[in-house]
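Novice: Chains as they are written, first to last, in the working numbering: chain A, 12 to 234; chain B, 2 to 254.
A few of these clues could be false.
[As the list claims (entries may be wrong)] Quick list of in silico lysine to aspartate or glutamate cross-link-like pairs, DMTMM-like style, CA-CA up to 20 Å:
#, chain 1, residue 1, chain 2, residue 2
1, B, Lys-188, B, Asp-213
2, B, Lys-87, A, Glu-108
3, B, Lys-245, A, Asp-46
[Said to hold, decoys possible] Label pairs and their calculated CB-CB ranges:
#, chain 1, residue 1, chain 2, residue 2, range
4, B, Lys-165, A, Asp-125, 25 to 33 Å
5, B, Arg-24, A, Tyr-25, 28 to 36 Å
6, B, Leu-148, A, His-212, 46 to 54 Å
7, A, Lys-51, B, Arg-24, 44 to 52 Å
8, B, Asn-217, A, Asn-96, 54 to 62 Å
9, A, Glu-61, B, Phe-254, 26 to 34 Å
10, A, Thr-90, B, Phe-222, 47 to 55 Å
What the hints contain is simulated information worked out from the structure, not anything from laboratory work.
Don't be surprised by glycine CBs; every beta carbon is placed ideally from N, CA and C.
Letter by letter, the chains look like this.
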Amino acid sequence: MINLKNVYLNYPNYSSDGRYIKNVFFNYKKKIIKDYKILKNINLTINKGEKLGIVGNNGSGKSSLLKVLSGLLPATSGTVQIEKNTLAILNIAAGLEDYLDAKDNIFSLNLINDIKPNLNELDIQNILKFAELEKYSKQPLKTFSDGMKLRLSFSLYTYQTPKCLILDEWLSVGDKNFKEKCVKKLNDIISSSEIFIIASHDEDLINRVCNRVIRLNDGMIEQ
Amino acid sequence: MANRLFKHLKLAIWLAKIEIKSRYNRTALGSFWSSILLFVMVITIGPLYSIIFNQGIEYIANLAIGLFAWQFIINNVLDSSIAFQKIENLYQNKNIGIFVPSFKTLVLNIILSLHQLLPMAIIFFFWSSEFYLKLLLLLPLLFFLSLVMYPINLFISLISLRFKDVQSGLVSINFLVFFLSPIIWSKDLIPVEKKFFIQLNPITHIMTISRDLILNYKLSFNSFEIIILLTVIFNIFLYFFIKKIKNKFIFWF
Numbered sequence: 012m013i014n015l016k017n018v019y020l021n022y023p024n025y026s027s028d029g030r031y032i033k034n035v036f037f038n039y040k041k042k043i044i045k046d047y048k049i050l051k052n053i054n055l056t057i058n059k060g061e062k063l064g065i066v067g068n069n070g071s072g073k074s075s076l077l078k079v080l081s082g083l084l085p086a087t088s089g090t091v092q093i094e095k096n097t098l099a100i101l102n103i104a105a106g107l108e109d110y111l112d113a114k115d116n117i118f119s120l121n122l123i124n125d126i127k128p129n130l131n132e133l134d135i136q137n138i139l140k141f142a143e144l145e146k147y148s149k150q151p152l153k154t155f156s157d158g159m160k161l162r163l164s165f166s167l168y169t170y171q172t173p174k175c176l177i178l179d180e181w182l183s184v185g186d187k188n189f190k191e192k193c194v195k196k197l198n199d200i201i202s203s204s205e206i207f208i209i210a211s212h213d214e215d216l217i218n219r220v221c222n223r224v225i226r227l228n229d230g231m232i233e234q
Numbered sequence: 002m003a004n005r006l007f008k009h010l011k012l013a014i015w016l017a018k019i020e021i022k023s024r025y026n027r028t029a030l031g032s033f034w035s036s037i038l039l040f041v042m043v044i045t046i047g048p049l050y051s052i053i054f055n056q057g058i059e060y061i062a063n064l065a066i067g068l069f070a071w072q073f074i075i076n077n078v079l080d081s082s083i084a085f086q087k088i089e090n091l092y093q094n095k096n097i098g099i100f101v102p103s104f105k106t107l108v109l110n111i112i113l114s115l116h117q118l119l120p121m122a123i124i125f126f127f128w129s130s131e132f133y134l135k136l137l138l139l140l141p142l143l144f145f146l147s148l149v150m151y152p153i154n155l156f157i158s159l160i161s162l163r164f165k166d167v168q169s170g171l172v173s174i175n176f177l178v179f180f181l182s183p184i185i186w187s188k189d190l191i192p193v194e195k196k197f198f199i200q201l202n203p204i205t206h207i208m209t210i211s212r213d214l215i216l217n218y219k220l221s222f223n224s225f226e227i228i229i230l231l232t233v234i235f236n237i238f239l240y241f242f243i244k245k246i247k248n249k250f251i252f253w254f
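If we strip away everything but chain A, and leave its shape as in the complex, we get (with noise of 0.2 Å):
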């Protein structure tokens, strides 16, 4: 269960000024500017089963409730209960790295957002199978063009079933196949989470996959 309690999310507003040093010393005052409010007063219980769906225009805050459901920004006041098990995939390329090969990509990807702990040599084959690049896992992924990058990532994330799975809009990536294929794999993976959130614009996809919706405007959920 993921629930928030009265939880309120200021960004701190770090002027480019802010960011020097004599300006802590000789200009104190000044850099004390408003910090900017992104989430006001957030309520949420999402609970087992639950297929949440965050809608909202730009600006409204919906990847910062993201990031704060997934751990990654902490509250600045309010409680926050999050399932430890969640996976969030807010940007699916980050943390790739052009100089190393397929196969380390898949392993510090894996390291860093512990995917799969003791991720062995059979498991990497099935990620670059499944991402259809098995003949290229010696290779650096600069040589990768960056629909490959993006199969390889997608094929990581979607490896394993978290309890709790936090998406960023909808992943589909690669040629018309191959996104058949992510839609197949995601569909599996959201119904057998235990908890499924994704933030989109596509109020249609939302409709589709999720089973409660909510909308975010100026930081608060509408009611």
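Position chain B against the provided structure of chain A, taking the given hints into account.
Specialist: Frame of chain A, contents of chain B only:
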């Protein structure tokens, strides 16, 4: 807690390994480049400065140990100042914690220092005695320096993330500290009545500990106590500092 710590250690070691791979990508000698600089400095500066400072052949081993310790310290300091920035993109899906970047920096520099054992062996073999023992003693020295440097790495990585000036400042004062510290010169060259001033520099004590341990096989308790005391005080300060900023640092990227 222990499980989390183990995961962070594993991640830091992996990140250090891939940084070495990227740093020396497509070079023939790879990470041994880091040891060549030390060797070249010792065999070129050593004979010349031993004449300038009117010291015997033992000056060369003294210089090598000074440079070995100094390179470990300054590389930790400079790498820490960009530690968070280097792996900034890893924080986009998961908060990998406050300790990983500084620990990665430490591991990276331990690995690079271990590569320097080869030039150190050559130097001890030709310009000193009992080179096996001296080489072996470099390991406890590295361990001691790591204990001293880790909290410093952590602090520098965090303040450099918050304040952009820190990195440029550290690069600028690097040479100043190098020449003000007894790295290429010996503190014995300073008259007794003026020694007080160089004793205020913690690097002086680190150099004393390093040289006494490796060359004289003894622990200089006075310097050791000072460094341990400074490290304990710094760790206490760091504890409160981290308590204060642990929820804020993620906004500093």
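Novice: In this structure, is the beta-carbon distance linking Arg-24(B) and Tyr-25(A) contained in 28 to 36 Å?
Specialist: Once the Cβ atoms are compared, 30 Å apart, the range 28 to 36 Å for Tyr-25(A) and Arg-24(B) holds.
Novice: I want to verify a distance hint. Is the separation of the beta carbons of Glu-61(A) and Phe-254(B) within 26 to 34 Å?
Specialist: holds (31 Å)
Novice: Tell me if the beta carbons of Lys-51(A) and Arg-24(B) are separated by a distance inside 44 to 52 Å.
Specialist: 45 Å Cβ-Cβ, so the 44 to 52 Å window holds.
Novice: Are the Cα atoms of Lys-245(B) and Asp-46(A) separated by 20 Å or less?
Specialist: holds (18 Å)
Novice: Falls inside 54 to 62 Å, the C-beta gap from Asn-217(B) to Asn-96(A)?
Specialist: Because 55 Å falls inside the window, the suggested range holds.
Novice: Hey, Lys-87(B) versus Glu-108(A), does the alpha-carbon distance stay inside 20 Å?
Specialist: holds (12 Å)
Novice: Taking the Cβ atom of Lys-165(B) and the Cβ atom of Asp-125(A), is their distance within the range 25 to 33 Å?
Specialist: Between Lys-165(B) and Asp-125(A), where Cβ atoms are some 31 Å apart, the hint holds.
Novice: Lys-188(B) and Asp-213(B): Cα distance at most 20 Å?
Specialist: holds (12 Å)
Novice: 47 to 55 Å was suggested as the range; check whether the CB atoms of Thr-90(A) and Phe-222(B) agree with it.
Specialist: holds (52 Å)
Novice: Between Leu-148(B) and His-212(A), is the Cβ distance one that fits in 46 to 54 Å?
Specialist: holds (52 Å)
Violated hints: none; the structure is consistent with every hint.
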